[in-house]
Amino acid sequence: MATYAEMKEMFDEIRADFRYDHELNGCLNCGICTATCPSAQFYDYSPREIVQLLWTENVEQIYDAMQEKIWACAQCMTCAARCPFKNSPGGLVMIMREVSIRHGMQSAKDVLRPFGRVMLKLITTGNQLSPDMIQPDHFPDWGPNIQKVEGDLRVLRKAIPVRTLQTVETAWEVSLKTSVEMYTIWEMTGVLKSLETMDENLFDVIEDFIDEKREDYEDWLESHGDE
Amino acid sequence: MSENTTQQGVAGHGAFFQDTNLNANEAEAATAWVRNHVDRRSVDLGERMDDIREHMWELEKEGEIIVHRIADEHKPVEVETLFGWKKRVPTNQLWHHKSCGQCGNIPGYPTSLMWFMNKFGIDYLDETDQTSCTAWNYHGSGIGNVESLAAVFLRNFHQAYVSGKQHGFENGHFYPLVHCGTSFGNYKEIRKYLIESAELREKVKKILGKLGRLVDGKIVIPEEVVHYSEWLHVMRNRIASELQTIDMSNIRVTVHAACHYYKMVAEDAVYDNTVLGGNRTAVGTSVAQALGAQVIDYSTWYDCCGFGFRHIISEREFTRSFTMNRKIKVAREEAKADVMIGIDTGCITTMDKNQWIGKAHDMNYSVPIIADVQLAALACGADPFKIVQLQWHASPCEDLVEKMGISWDKAKADFQEYLKQVEQGNVEYLYNPELATNQQINMKTGA
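In order, the protein sequences belong to chains L and F. Heads up: the first sequence at position 17 corresponds to 32 in this note's numbering, and the numbers run straight through without jumps. Heads up: the second sequence at position 96 corresponds to 97 in this note's numbering, and the numbers run straight through without jumps.
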């Protein structure tokens, strides 16, 4: 359990985000946001409550909401489109999620653990998912007819009449130069640091992968230096 | 007031909040004004809204940024957005900003789009020098931040700006066309932040400089962020009059517009008074209407699909429950739809893949789920497998195809024959595959 000072520090970080004043303008408790929220139908979550807690600067309950509630939001932004005050509860939730990650909250680690495989794919290839991930053994609840023509995945992908899409391990073919540029962005914007805070093992795997790709790129530059 | 609610309050509203215990009529009366408000196009906030593009032009004048302009050679068509503001949609010389979910999971999306562009003789470029927008991950996990999203946005759009050079054209030749709804929403939001915040511009300039992605020391911002469904919207009448071969008048179509298309930076979504009275975003619906299909409005049109970014991957019980209850069941029982069309990656994945599991709760509802561009391609005679790539869909697309008068079995048998050719290395392409890679080296292994 965090001390009040720690909770206050997190709240101060939330409201110091330059988006905060865009996303929070006032609240009359009308509840349109919650009435239209998909997550409110299934979880102990209400966008109205999030807005109210922030608006009233209820530091302890803000911290409490950051344990689980903020992870229920589906990020559809229906709340934001409907709010008469032009608040964005979904946008506020994103600021709160970022802060909870920066502070290494255990609840964030727990929530994101099953997301690791996707994170690995995204950080290393720039694609959120790939054809080899969308297979029946990964998604048994999608049913036996996950696709309508059976066959070798490589051949089926080769039958897509677009050169960049004939891939299995990435959604499309990404040039090595592009990937290396993306790694620089991750590094310079603190994304890799966040990842290290959340999951050190995953970070180690990703760091090794990135080092290897950078070496490949250096080798390529060296061998094509005169071109 | 029941004892139960006195003690516990209402879930998600805090302990002080109590159930009103209204009967059905009272509840209807109490909420009718909300329903009236949300069921129609809402423009009452327009006067309080700033048009960010005006500030963008000022920044360009001050020498702060370069705006990637939509020129005459892009053959733009003017449309209206939420508040009646004008937006120009380029129709030619387009740079395909692909979607990771579409390319990985619904490849008939980009192939149908390129197929149409070929039919109209439209120039485009699809290349390997592009990352995803990374916003799916951001909205799902919170790992990432405005700076990383902005750097990715500016990197990809810089590449679009300079991509013509290697083919002998000037900067700005190809204009980016964004395939994904979330990329579209995210890029619009980030563009707004970049225009509003000098501090953010300074931070990302350092990154873009290191990547060699500045032009004359400046960042490049697009005049408009354009979604592929907007291209389809402005091309719909040409598609119907010049290419359509199949009568669609017996097909009942429902539309699910992507939240991140019209709820994020809502002022930029396209509306047209000839499409459902201008009360719904026009994209998607306008195409079905132009093709002569029966467009069926339905009570839960405003609901999201249940994708949830993180939920579709690691909390799927929410995703499938929401999509079955609020979308598939309604499309089937209330609208009696032959097909639900979408305009985005996540929605189509969610609604297409989460029908079979409904059987676990005796919810035996199923509806074919495809993109607007796939439906249009089918109506124009595109091959259901080679071009529309319906083999990757889990929902009963065969029912729709048969109702349109196309033999599913024959098309499937032809495709299986074609697969033998593919195994021999005889692959058909929509464009010269060498154009995709150019001088880049390509990543051979994924993670």
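Hints are not guaranteed to be accurate.
Said to hold, decoys possible - Pairs of lysine-lysine residues, derived as BS3-like cross-links and limited to a Cα-Cα distance of at most 27 Å, are as follows:
#	chain 1	residue 1	chain 2	residue 2
1	L	K101	F	K193
2	L	K208	F	K87
3	F	K411	L	K192
4	F	K206	L	K208
5	L	K228	F	K193
6	L	K163	F	K166
7	L	K228	F	K387
8	F	K421	L	K163
9	F	K193	L	K163
10	L	K163	F	K387
11	L	K228	F	K206
12	F	K166	F	K87
13	F	K166	L	K192
14	F	K204	L	K192
15	L	K163	F	K207
16	F	K166	L	K101
17	F	K413	F	K120
18	F	K337	L	K163
19	L	K173	F	K193
20	L	K173	F	K206
21	F	K204	L	K208
22	L	K228	F	K411
23	F	K411	L	K163
24	L	K173	F	K360
25	F	K204	L	K173
26	F	K404	L	K163
Stated by the list, open to error - One-sided excerpt, in silico: chain L residues whose CB lies under 7 Å from chain F:
#	residue
27	G41
28	C42
29	P53
30	S122
31	D125
32	P155
33	I175
34	T179
35	V195
Think of the hints as simulated: they come from the structure by calculation, not from any bench. Positions of the beta carbon are idealized from the N, C-alpha and C atoms, including for glycine.
Quick rundown of the hints versus the structure:
1. L:K101 with F:K193: It holds: about 15 Å lies between the C-alpha atoms, which stays within 27 Å.
2. L:K208 with F:K87: Violated - the C-alpha atoms of K87 (chain F) and K208 (chain L) are around 42 Å apart, more than 27 Å.
3. F:K411 with L:K192: 43 Å, violated
4. F:K206 with L:K208: Since the Cα atoms of K206 (chain F) and K208 (chain L) sit roughly 20 Å apart, the hinted pair holds (cutoff 27 Å).
5. L:K228 with F:K193: 33 Å, violated
6. L:K163 with F:K166: 41 Å, violated
7. L:K228 with F:K387: Violated, at roughly 34 Å.
8. F:K421 with L:K163: The hint holds at about 17 Å.
9. F:K193 with L:K163: Violated - the C-alpha atoms of K163 (chain L) and K193 (chain F) are around 42 Å apart, more than 27 Å.
10. L:K163 with F:K387: At roughly 13 Å apart (the allowed maximum being 27 Å), K387 (chain F) and K163 (chain L) satisfy the hint.
11. L:K228 with F:K206: 25 Å, holds
12. F:K166 with F:K87: 30 Å, violated
13. F:K166 with L:K192: Holds, because 17 Å separates the two Cα atoms, which is no more than 27 Å.
14. F:K204 with L:K192: Holds, at about 22 Å.
15. L:K163 with F:K207: 48 Å, violated
16. F:K166 with L:K101: Roughly 42 Å separates the two Cα atoms, so the pair is violated.
17. F:K413 with F:K120: 23 Å, holds
18. F:K337 with L:K163: Given pair K337 (chain F), K163 (chain L) holds - Cα atoms ~24 Å apart, limit 27 Å.
19. L:K173 with F:K193: 39 Å, violated
20. L:K173 with F:K206: Violated: K173 (chain L) and K206 (chain F) sit about 39 Å apart, past 27 Å.
21. F:K204 with L:K208: 17 Å, holds
22. L:K228 with F:K411: Judged against 27 Å, a Cα distance of about 45 Å means the pair is violated.
23. F:K411 with L:K163: 14 Å, holds
24. L:K173 with F:K360: Given pair K173 (chain L), K360 (chain F) is violated - Cα atoms ~34 Å apart, limit 27 Å.
25. F:K204 with L:K173: Violated, at about 41 Å.
26. F:K404 with L:K163: 18 Å, holds
27. G41: 13 Å, violated
28. C42: This interface hint is violated because 14 Å lies over the 7 Å limit.
29. P53: 5 Å, holds
30. S122: 12 Å, violated
31. D125: With Cβ-Cβ at 11 Å, over 7 Å, it is violated.
32. P155: With a closest approach of 9 Å, the P155 (chain L) hint is violated.
33. I175: 5 Å, holds
34. T179: OK, holds: T179 (chain L) within 7 Å of chain F, min 5 Å.
35. V195: 9 Å, violated
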